[in-house]
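Visitor: From first to last, the protein sequence lines stand for chains A and B. Read in the working numbering, the first sequence has 38 at position 38, and its numbers run on one by one without any break. Quick note: to get the working numbering, add 1000 to the position in the second sequence (first position is 1).
Everything labelled a hint here was simulated from the structure, so no lab data went into it. Just so we're clear, the structure is a prediction, and the values are computed from it rather than from any experiment. Treat the hints with caution; some may be incorrect.
Derived coverage of chain A by chain B (criterion: at least 3 residues anywhere in the stretch with Cβ under 8 Å from a Cβ of chain B; other residues may be distant) [claimed, not checked]:
| id | stretch |
| --- | --- |
| 1 | 14-26 |
| 2 | 66-78 |
Lysine-lysine pairs mimicking DSS-like chemistry, simulated, CA-CA at most 25 Å apart [stated by the list, open to error]:
| id | chain 1 | residue 1 | chain 2 | residue 2 |
| --- | --- | --- | --- | --- |
| 3 | B | Lys1057 | A | Lys52 |
| 4 | B | Lys1042 | A | Lys19 |
| 5 | A | Lys71 | B | Lys1071 |
| 6 | B | Lys1022 | A | Lys36 |
| 7 | A | Lys36 | B | Lys1057 |
| 8 | B | Lys1042 | A | Lys40 |
| 9 | B | Lys1071 | A | Lys96 |
| 10 | B | Lys1058 | A | Lys22 |
| 11 | A | Lys96 | B | Lys1057 |
| 12 | A | Lys96 | A | Lys71 |
| 13 | A | Lys40 | B | Lys1037 |
Even glycine gets a Cβ: it sits at the ideal position worked out from N, Cα and C.
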Amino acid sequence: DTAVSQTPKYLVTQMGNDKSIKCEQNLGHDTMYWYKQDSKKFLKIMFSYNNKELIINETVPNRFSPKSPDKAHLNLHINSLELGDSAVYFCASSRKGAEAFFGQGTRLTVV
Amino acid sequence: GENVEQHPSTLSVQEGDSAVIKCTYSDSASNYFPWYKQELGKGPQLIIDIRSNVGEKKDQRIAVTLNKTAKHFSLHITETQPEDSAVYFCAAGGGSSASKIIFGSGTRLSIRP
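Just need the whole structure built from these sequences, with the hints factored in.
Guide: In structure tokens form, the structure reads like this:
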């Protein structure tokens, strides 16, 4: 069974479009994250939710809006996509202060 | 906030030799230090972790050491094999923001046959 699953795996879209990436975890974790990995492989935290509550919001354009309908889901919606948004986005989950389990990533390409 | 620095950015070793990757962190309150391995096209996966009450931990060919005073920790891989080729990330967490895991910049390890 997949622990952290995110969809889609690949997303190609035009500039200016709005898109969403979905994430679900079946580990019973309270904390979920979104990370962005750029072409140089840097992994930067974007958001963290604990029990559906936003607890970390790094310096991310407000075009990015996370939504957590319940503890097991954390979706990422992106408005007005720009070329610089192209990257691999990883969802992850963990118990507080413990190992983070990552999804397989969503490769977003904005053309 | 926490800042994690990782060196080297790339590392090439002969198969069978050892590889060492080093990281430093800034938040003295951090108490959890995981290491992740990322293979091509996949998400990072935990390979070993250490908490601040332990100085060293070993799991088969992989070991991690932690120096809390100096705020640095290292990953040691012995008897390297081709399947060890990947990008490795150190991370620190559990500090002032217990729900935040901050990653180093990654080390691309290549094992030469």
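Visitor: Would you mind marking each hint as holding or not holding in the structure?
Guide: Hints, one by one, checked against the model:
| no. | hint | verdict |
| --- | --- | --- |
| 1 | 14-26 | violated (count 0) |
| 2 | 66-78 | violated (count 0) |
| 3 | Lys1057/B - Lys52/A | violated, 34 Å |
| 4 | Lys1042/B - Lys19/A | holds, 22 Å |
| 5 | Lys71/A - Lys1071/B | violated, 34 Å |
| 6 | Lys1022/B - Lys36/A | holds, 23 Å |
| 7 | Lys36/A - Lys1057/B | violated, 29 Å |
| 8 | Lys1042/B - Lys40/A | holds, 15 Å |
| 9 | Lys1071/B - Lys96/A | holds, 22 Å |
| 10 | Lys1058/B - Lys22/A | violated, 36 Å |
| 11 | Lys96/A - Lys1057/B | holds, 21 Å |
| 12 | Lys96/A - Lys71/A | holds, 13 Å |
| 13 | Lys40/A - Lys1037/B | holds, 16 Å |
Violation of the numbered hints given earlier is confined to hints 1, 2, 3, 5, 7, 10; the remaining hints are satisfied by the structure.
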